[in-house]
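Model the full assembly from the supplied sequences, consistent with the hints where possible.
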Amino acid sequence: MATFEQIKGFIFDLDGVIADTSVYHAQAWRQLAEKLGVTWTDDLADALKGVSRMDSLELILKAGGKEAAYTQAEKEVFATEKNTNYLNLLKGMDHSAILPGIAEFLTDLKANGYRLSLASASKNSPLVLEQLDLAQYFQARVDPTTLKKGKPDPEIFARGAEVLGLKPEECIGVEDAKAGVASINGAGETSVAIGDATILKAADIIFADTAQLTLANIKKAMA
1 MATFEQIKGF IFDLDGVIAD TSVYHAQAWR QLAEKLGVTW TDDLADALKG
51 VSRMDSLELI LKAGGKEAAY TQAEKEVFAT EKNTNYLNLL KGMDHSAILP
101 GIAEFLTDLK ANGYRLSLAS ASKNSPLVLE QLDLAQYFQA RVDPTTLKKG
151 KPDPEIFARG AEVLGLKPEE CIGVEDAKAG VASINGAGET SVAIGDATIL
201 KAADIIFADT AQLTLANIKK AMA
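This note's numbering puts the sequence shown at residues 1 to 223.
Since the hints were made in silico from the structure, they are not lab data.
Hints should not be assumed to be uniformly reliable.
Unchecked claim - Straight-line Cα separation of at most 30 angstroms, DSS-like style, residue types lysine-lysine; simulated pairs:
(1) LYS35 to LYS110
(2) LYS110 to LYS219
(3) LYS201 to LYS123
(4) LYS75 to LYS148
(5) LYS148 to LYS123
(6) LYS91 to LYS110
Set out below in structure tokens:
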């Protein structure tokens, strides 16, 4: 793990870290799963966290034993339908969806001169940031359509450092999913996880919730 003094940038996941958009994703995927006759479970919902749209669809089809039931073209239609459901649900989102302490943390990072990028698998992340009035905090974002591999592959977080013009060891990646933590670690960055310490034990630093995510607490954990 790097020293706190080495850190110049922060790379954020979106869902479950900046805002509680995961609830909208889950609702939209559940609508599609039930339409396809796949039983929705908490385990399935957890498995989709931090995973790209097409990979999420494959996990749903596999859970229902339907992975070979549809053509690629049909799968594309399903994925588009899910996204339409999601965008409709997003229209009701406001500042209340920002997770506790995040607005203050972003303000603090900006005031202290840190560079920020977004490493979300969601193609809708710019829309979410605009809707939450948080876009001004981020100098750059990784375009998920340019990636060859999804999380847990390190590509997205490696790119998150590149778009800021920083080395991996100069960056902290912030995630709430096991796959995301693996991606940060694989990219050679310091991983900060939000959530269950048992599930996210591979992270360098773990906070139970976003309210604990402060520069002071990170500095203390890296001492």
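Quick one, are LYS91 and LYS110 close enough, alpha carbons at most 30 angstroms?
Holds, because 28 angstroms separates the two Cα atoms, which is no more than 30 angstroms.
Proposed proximity, LYS123 with LYS148 (alpha carbon, max 30 angstroms)
holds, 14 angstroms
Do the alpha carbons of LYS35 and LYS110 lie within 30 angstroms of each other, as the hint requires?
violated, 44 angstroms
Given the hint that LYS75 pairs with LYS148, test it: the Cα-Cα distance must not exceed 30 angstroms.
Holds, because 19 angstroms separates the two Cα atoms, which is no more than 30 angstroms.
Is the hinted pair LYS201 and LYS123 satisfied, with a Cα-Cα distance of at most 30 angstroms?
With a Cα-Cα distance of about 28 angstroms, the restraint between LYS201 and LYS123 holds, given a limit of 30 angstroms.
Check the hint pairing LYS110 with LYS219 against an upper bound of 30 angstroms on the C-alpha distance.
Distance ~16 angstroms between LYS110 and LYS219 Cα, so the pair holds.
Checked against the numbered hints above, the structure violates only hint 1.
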